[in-house]
Structure formats: C-alpha cells, structure tokens
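Visitor: Residue numbers (the working numbering), protein chains in the order written: chain A, 6 to 719; chain B, 61 to 586.
Since the hints were derived computationally from the structure, they do not count as laboratory data. By construction, the Cβ of each residue, glycine as well, lies at the ideal position given by its N, Cα and C atoms. Incorrect hints may appear among the rest.
Here are the simulated lysine-lysine pairs, BS3-like style, with alpha carbons at most 27 Å apart [claimed, not checked]:
1. A:K144 / A:K193
2. A:K144 / A:K343
3. A:K144 / B:K534
4. B:K186 / B:K95
5. A:K239 / A:K223
6. A:K408 / A:K495
7. A:K144 / A:K41
8. A:K495 / A:K602
9. A:K223 / B:K575
10. B:K534 / A:K193
11. A:K343 / A:K603
12. A:K41 / B:K461
13. A:K603 / A:K495
14. A:K193 / B:K461
15. A:K602 / A:K614
16. B:K183 / B:K97
17. A:K495 / A:K599
18. B:K530 / A:K343
19. B:K461 / A:K144
20. A:K593 / A:K495
21. A:K593 / A:K343
22. A:K144 / B:K530
23. A:K591 / A:K603
24. A:K343 / A:K599
25. A:K602 / A:K343
26. A:K193 / B:K530
27. A:K591 / A:K602
Quick partial rundown of chain B residues pointing at chain A, CB under 8 Å, derived from the structure [what the hints assert, rightly or not]:
28. P317
29. Y381
30. G481
31. M490
32. V509
33. W521
34. L528
35. L567
This is what each chain is made of:
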Amino acid sequence: MRFDWGTFGDTEVQMMIWILLLPLIGFTIQIFVGNKLPRRGDWVPTAAIGGSLVLALSLFVRAIKMHKPDLLVHTAHPEGASVADTNGLAINWLTSASPDGNFVFAFLFDNITAVMLVVVTLVSFLVHVFSIGYMHGDKRYNRFFAHLGLFSFSMIGLVLSANFLFLLIFWELVGLCSYLLIGYYFEKESAANACKKAFLTCRVGDTLMLIGMLLIWKHTGTFDFVEIFDQVAKATAANGGAPPDWCLTAGILVFCGPIGKSAQFPLHIWLPDAMEGPTPVSALIHAATMVVAGVFLVARMFPYYMFVPDAMLVIALFGAVTAIFAATIGITQWDIKKVLAYSTVSQLGFMVAALGCGSLSAGFFHLMTHAWFKACLFLGSGSVIHGMHHHQDMRQMGGLRHKMPVTYWCMLLSTCAIAGVPLFSGFYSKDAIIAATLDPHAGFQGVAGWEQAGEGFLWSLPSLLIPIAALMTAFYMFRLIFLTFHGEPKSEHAEQAHESPWTMTLPLVVLGTLGVFGAAPWILDFDFMGHDIWFNHVVTNPTFDAAAGVIAYPAVVPEHHHSWLPVIISLIVAGSGILLAFSFYKWKRFSPEKAAKKWGSLYRWCFNKYYVDEFVLKVVVRPLVFTWNVWCAAFDKFVIDGLVNGVGRTGKQLADGSGWADKNIVDGFVNAMAFMTQIFGAIARIFQTGFLQHYLTVLAGGAAAGTAIFYFFL
Amino acid sequence: MQGGPVSGGGAQPIYLTLLTFAPLLGMLAILCIPKAKKEVIRTVAAAATLLPLVISIFLYVQDWNGTGPSHGQAGMRFVEKHGWIDSFHIEYFLGMDGISAPIILLSCLLFFIAVFSSWTINKGVKGYFALLCLLEVGVNGCFLSLDFFLFYVFWELMLLPMYFLIGIWGGPRREYAAIKFFLYTLAGSVLMLVALVAIYLQSGGLESGTFNILQLQELMKSGALQEGAPSLLGMDFQTWTFWFLFLGFAVKIPIVPLHTWLPDAHVEAPTAISVILAGILLKLGAYGMMRINFPLGTALMEPGSGTTIAIGVIGMVSIVYGAFVAMAQTDFKRLVAYSSVSHMGFVILGFAALNDMGMNGAAAQLFNHGTSSAMMFLIVGVVYDRVHHRNLNDFGGLGLKMPYYSGLATVGLFAALGLPGLANFVSEIMILIGAFNAPHTQWMAVVSVIGIVIGAAYILWTIQRVFLGKLNPKYEEITDIDGREAFCQIPFAALCVLFGVAPFLLLDVFRDSIKSLVTFLTVAGG
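Can you make the complete structure from the sequences, with help from the hints?
Guide: Structure, rendered in structure tokens:
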C-alpha cells in the first residue's frame, strides 16, 4: 500500500482524531449547558472548530508539501503493521459480523481528504464567526451554534471515513443537521415544509445508494474503500479487463446518493427550498460543504468508477444536464438566495460532469474553488439581507455598493471568480472542467473501455452543455451584482441599508481573498510551479495495471500537454456572458422585460423551474397519498378489521344462537324440571302443616316403618 | 440447542428465580397495603421492579465481559432445574443465554420505568400496580423458561393482567380493545397448546415424554419425533406443529394480517401499558420463534426453502404495509402502533435470511425497537396528559413552548426513523445486509427499503405536525416536560445513543448464542 510512515505517522493520526473530536466536544457542551454560559456559549463551538481548523491547516500543508499524489493513510491497514502495533485508529464496530474487520471505523487520508478538511473547517469556522453577528439576538441562538458544531463533526467524519458504512452514517448525520438547520425557523410553515422535503428527497437517493452498497458488500464482503477497490481490480484483471457485471449496477445505484445529496436533476428540488434556513447555514451546508459530499463520494470512489466507463457516462450526463438546467432557472429568479441556490445546483453539475468525464483533479478542484467563492457569495447575500432588514427580493435592492462597500467588493470579486474571469480561482477550475469534457478518454490508462470512451454523441454532450452553462453563469451572476449593488435604490429598505459589523465582513474578506487567489500558482511557493496551479500536482487519477490486477497511484502527476482550446472557450463564454449582463443591466441596451416577453413560454418554464415540483407532486406524492389513505389504511380498516369484526360478530351470533337454545331448550328443560318440582312441592305441601306433632308422628311412623323393613326384609 | 447433561451438581444459583418472582412478592405486599396509601403502593411497586432490574444488569454485564459461569446446557447460564410435576415430567427449568440476557434487561427496565410512568394513575391504584407486578412475572418467566409447559403457563399468565389493565384503566373503547386483544392472543395460544401437547405426546407421553425445550429440539431434529406421528391437513408432523407454533407467536409480534388488535390495544391502553406492550410483549412472539419455534422446525428452516421464503415475504409485507398504513394515521398513538408493525417486520425478515448477520440484526432489533417504541409511547403520553387528545392535525408549534420535550422527542423519533448514530439504524442495516446476502431474501431486502423511505416520511411529518409550524393558540398555556417524565424517557434515549454509537456493547452478548442458533438451524446433524 502507498504509505510513508516516516513522514506521515502517529502524530498526524492523532491530529485527525482531534480534528474530528473537537467539534463533537463543542456540540456536547453547547447542547447541554450552552445557554447558561456567557454569550450563550457561542464561543464554545467556534473555538472548537477553530482548533480543528488549525490542525487541518497543519495537516494540509504537510500533505501538500510532500508533493505526493499517491499519499494515502489508512489507519486500519498501515503497511506491514497490525493495528495494535501503531496508534492507528480502528474500532471494530459490528462485532457479530463474520469475518471481523468489515465494519471497522478507521480513517482514510489522502490529498483530497487534506483539501476537504481545510474546506470544511475553514468555511465552518468563518460561518461560525459570521453567525455571531448575523444571528445576534436570536431566541434560539445557543441551539444554532450547537447544530453548527454537530454539523462540523459529521462533515469531518464523512471526509475521514475509510469505510463506506461510516461514510453513510456521517452522510445521514449531515442530512440531519441540514434538516435541523433548514427548519431552524420552524414556526414558519414554509421552513417546516422545506426541511422535511430536504430530508425525504435525500433519503430517496440514500436508500438507492444503500442498495448499491449492499450489492458491493455481497460481492466483495467488505465496506472498506481500499479493499473494495482492490477486489474490483483483481476481479477485473481475472475477467480479462472487463469489470464484473454487478459493478455497473452498483456504481449507478451508489451514484443515486450523490444525486440526492449534491442536488442533481431530478432530486435537486430540495436545495432551492433549503434557502428557508438562516443564510450562514445556506453558505456552509447548502453551498460549500454538505452538498459537495456527493461530489466527494464520487471522487472517493474514483478507483472504482474508473472500471465502469458506462457508469461514468451516466454521471457525466447527470452533471451536464443539471448544470445547464439549473443555470437557465437561475437567470429568471428574483430572490437573491434563490439565484445563488440554482447557481449552486448548476456548479455542482459542473463538478459532477468533470468527474464523470474522468478528471478527478478538475472536478475536485472546482469543488474547492467553488467552496471559497460560493460561501463568500452566500455570506455576502446574508450581509445584504441583514442590511436590508431581511428582504431578499432583488427588485427592492439597487445602489447598495456605496452603503455596503466591503460586502460589494467581496461579492464582486467572488462573482468574477465564479464567472471565470482570468486569474481568478474559478477561471482555473472551470478551464480544467472544460478541458476534461473535451477529452474524456484521456483520463485513464490501462482500463478497458476508456479507449472507446469519448466517442459518440452522449460522450460529447457534456462538452456541448458545459460551456453554455458557463456562459449563463457569467450572465446571471453579473445580473445579480447589477440588480443588487448598482443603479438607484428601489425601496426604502435599500435606502436605509447599512454595512454589517466586522464579525460578518471579516469572513467575507477572507473568503473573497481565497476566491481570488485560491488557485494562484504561487500561493504555496512551490519551486516547480512556474505556470501551473498547485492543485494539479497533488491530485491525479489512479491508473490500472491490468496484468497485475492492481490499482496504481502515480507518484508524480503526468505532464499535462497544455491545449489552448479550453482556455479559448472559457474566455469566450465568460466574456460573452459578462458582456450580455452589461448590455442588459448596466448599459440598458436590451430590456430584460422585453426579452422575457419575446420568449414568453420558455421564460415561463424557466421561471417556474420547469414545473418539476408540480410534476413530483402530481406523479409521485399524490399517488402515494392515495395509496396509503385508500389502498392501505382503508384496506386495513374495512377489509382486515372488517374480517376480524365479522368473525367476532359471527361468533357472537353463534353465541346468541346458542344462548337462545340455552334459554328455550336447555333452560326450557330446566324450567320444566322446575315446574315439575313445583308440582311435587305443591303435593308435598299438603303434608306440610306446620304442626310439630304431625311431623313427629310422621317421623316416628317413618322410623318404625324403616326399622320394620330393615328387620324383616334385610 | 445442542443437548447434554446439565453442568455440575451442587447448589444452583437463584438469580433467575429472584428475577422472575421478585415482582410477585411486590404484588403480595401491595395487596396487604390499605387502598388509601397510594404513595406506599407506588413505592413498593418501584422497589419490586427495581430488584429484577439490578439483577438483570448484573447478569448482563457478566455475560458481556464473560465473567459469569461457563455456559451450561446449550449455552445456558445460571441454569435452575428442579422437578415440578413429576408425573407429567414437567420441570421448573430456567436458564439464560446471550439472546435472553439483553431482552430480560430490556423487560426489567421497561417495567421499572412503567411504574414511574404510571405514577399519576389515581383510579384503583392498588389493583393497577398489583397487576403490573403480576405481568412482569409472566413476561420474565417466559423469557427464562426452558420447559415448554412452564413457558406456556407464564405465557397465559401474562394474558390475564394485560386484559384487565387495558379493560379497566383504558380509554373509551377499552372493552372492545381488551376483548380483541384477548381473543386474538387466545387464538394464538390455542394453536400453540395443540402443538405443545402433540409434541409432548409424540416424545413419549406420560411414560417417557418431556417438556424440556432443548431436548425436544434435539429429538425433532434427529427425526425421532416423526416416527408414526400424525399428519394434519396433508402436512407432516414437523410442518404442522411448526406452523401452529409460528401462528401462535406471530399473533403476538404481530405480523400482517394478524395485526389489527395492536392499534386498538395501544390506543385504548394507558401510556405505561402501551410502553410495555410495544416494548416487550411484542418481543415475546419473536423471542418464542427463536427459542422454540425455529429450532423445532429445522427441516423447514433450510435457506431458500418455501418456509423461509414465506416468512421473508411476511416480514417484507409487514414492513412496507405497516409503514404505508402508519402514514395514513391521524391519531398519534395509532401511528406509532403501525410503525411497530413495520419495525417488527424487520425482525421477521432478519429471521428469514437465516444467516448470522440477519439473525443478529433481528435480535438487536428486538432490543432497539423496545427502547425506541417505548420512548415514542412515552412521548405520546406526555402530550396526551396535557391536551387530552392525540389528533395529529390539532397540534402544531409545540416546539416553541416545550423545548426540552421536543428535544427528547426528536431523539426517540429519529431513532425510530433509523437515523445512523442511533440504535435502530444498526439493527436495520444488519438485517438488510443479512437479507440481501441470502439469495432467497435478496429481492425482499430491496423491496423493504421502501419501508425505510416511508418510515422517514411519517416520522418527519409527525414531527412537523406536532412540533413545527405556528403554535396552535389553544396551547398557549402548555407546560414543558417535568422531571418525572424526563426521568422516564432519558434511560431510553441514552440506550438509543449508546447502542447506536457502540453497538458492540449489545452485539457482543448476542454473538455466540446467535451463532449456535444459526448453526443448529442450518447445519444438518449437529
């Protein structure tokens, strides 16, 4: 196994344990005693996640500095040493399973984990800080911070899990936190509906993923990622280069989890509604971290997916369709958070498409840069909403750039990043994605099926859709900027808007800076980084040695032969998108209203989100409601219980019948007996005179007669 | 289940007798206390249920860390065996293994909590607590009996107090519910009795017969009982006795379509009785299957046989159907009752898988459903005590006025939903893994996940209707959970978290006994 204990050892594992545990400790303190602490305990989870951030940064720098794309630490399988010999973390969880070891909680740490840990802890920390200002004076302030802490813990656990089962556990826990935080203002009916919808929609994907997991377990007997990959590799080699049949089914089923979690079409419907949660939550959970868990899972499963190009094609298509689908909706929305929500769905589509097209580094790189600028945009929108006294409609805004200069500049920079303006972080990652979609078969060496991949209409679809989506991204993001910050204030709230306190603007500045420089070549001062971004030097695709049946991880990233085509495409789409936005909203060459009228039906479809919600309601929910109300509940009540009561009634009728018989026949007989007795009694009464001497006479006579009989006859 | 002589001679431990009959002493004591001294009666009941709880914790820990006496007959510990009715070869034979240890612990905990949960009952206090104690004797006795006749006596002993507890202290339709409960269960008992007598006679009858469950299982497996045995309805002896026993136990679980007594009994029963009913009485059916029914039908319990497929389908239908019917309920308690049907379906599915994973999951599900369903009924009880109705559409926004209550309730409800990190997830995923890996139940596992989705739906919808949204102005004055109510719920919440985070604490105890059970069922000879 690729493991260098000399440079990455026990200390680092200890650090990982603390990165995971600190937020949990913070949560535990906060949920039980937070309200009694000074400042209602907001500093407890904040300090905890701060600690995690410091440790995560330290790990990140160590990992990246090693320049080893093949870095991999698995605490349950350190090379050449049993678990007991090291301080490796390995908890045997389901002891009754046989053989033991399939359900071991352990850490898997590689470069994508290192990046994810920083993304999660940094955004989480900044959101904690931001919330101190944004949530100030809220009546459930302490609980808000507790939930944030629980979320951080779960997300970190998800990132570190070496085992699919534990990934699922943390996966559901982040879903729980999302549920709790979307429904944070649970007095509002809309929030209560939104949190339920989010959880259930994701659960549909999760259960399909669960079936996929079960299928994997059935064939490999393990949930351990590395072992799954090894076994699939061996089976593929034994099978002459083709993966076993079940791999495709399992791969697609597993991808259903990310479809739900990462809001891919058609399970994206929960994410826009999730904006009912407080804005810092939207930034943390529904933009930067939780929703990318699905992308992370696909990245984690990359050594598996590389064997099944067909599953990768499905992934690529879902991503590309989602990217363009959500972008068209984003163009038409008025609510500032809804625009950002659809933008998030669309950007997640970019990442998924890139992974599907066989580029781990492009998809994951965009995950990271997106975290910076989208978190900044969301927090910026939070700052705007805060300044606007909780109004979110962009038609009421305008002219805010003078009133909220810090927010304005941070959001503008992040908008440049997401639009793909050169030298901003988003430019690099989007460029990498376009390059990946143009050249999907370049991804893997030695894997059967990839030579043909990239041919045919379906494989070329992402390269067609993704640039159009990128153009739309540039357009709707600058539309947002112009509507919100430029022009004249369009309501009194906009006129009275004010800049937010430093706890809110500081995180904006940090994230905005990262959005600009996060991908810059010189950011980590590598000597070999003359022209390329650092990311490409630490994350790369695995390769497959078909002869030996093992997955190989290149120790050095293969040289990229740089093509100018993707750069030109991304420059054109970003430029034209921005130009369009300028001509519509700044120079007013075209009128958005007229354009909307001209393409009326198309506009209505986009504005109404293609009626997916309505479709789901009519085709899925209503029939289900009918099923349980009529088919099941009524069946239970009238048929089963009817049968039971019928049996009961029949029994009672039988009983009544026998009761009648009892009364009229049996009792009749008894009564007849009684009647006879009465008659005999009446006769006997004749002899009962009540006079003692009569009785005595009879007694004496009887006794004499008896004695006579006794003597004479016996 | 493997036979063999009872280990050792000498003095036998009396833990299990104490565990079973301590509540009987409590009952006798309560009967001697004057009616008016209600506090004394309650305290005595608490003490009488605390003692078995302490013993069961002690035995559980011994079993868990392996410090108890070595396993005696068929993996049984703490065995007590005395002649009872010698002319019929009936013995007083108690024993405990890894399957019964956790369930006994659950039972004792439930009864202890039930006493506190019933603290506010003011009608007929003396009779109520006396019957409660008697019920515990029956339940604990059932879990510990290794003599079939003794088992049956305890089994019937349970029926009576339950009938009166529902029929006297229940809600408006209590008589209907109590009679329905009684008749259903009685019908099951009759089938069981027929099988019991038939098996006894077949084993040698008055001359050389036995009621020893372990011996009977060996005899049945070896085919010794089959010779010249009467067949019925075209089924051979083993088959028809198996199905008679199965139906007898299945009524108790309950399976669809024998389940309609459960919602009625739950709705009418007072809170504490619902807690016991869902928490432990339902488990008896499943326990009886593991302890008596399946080992007496090893010829039928072949993986992939028609019997296992039928059992699996029953489980699957219960899971999905129960969840769908739960979804349609507007009565909080009815909803929880149907969710029990759904969750107990998982147990049956785990049985049908007939492998270590599925069987372990089923056993763990017995325990975990015990804690989570008990908690859910306590949750219903809290709100019912305050507003005197259970109509889900007439709550709303209670989270605003009852923050602690909604916090605790969320734990219980999410445990029932199968949230990872809480106990039910562990057992349900084990059952699904087990069922998916057995070829004959694979498709059933796939269908059953529908139950998981619908389960999430009705739980979340319940939470929304009770706790979220605008506060219903009627409940402006409602008070949060008090200390006693919290005390009743916290142990269950803690167990849900503990066995969700560290399931090995529970599974370690089950492991060996389950393994030998599965081996006995699936490996020929033995």
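Visitor: Of all the hints numbered above, which does this structure not satisfy? Sort the numbers upward.
Guide: none
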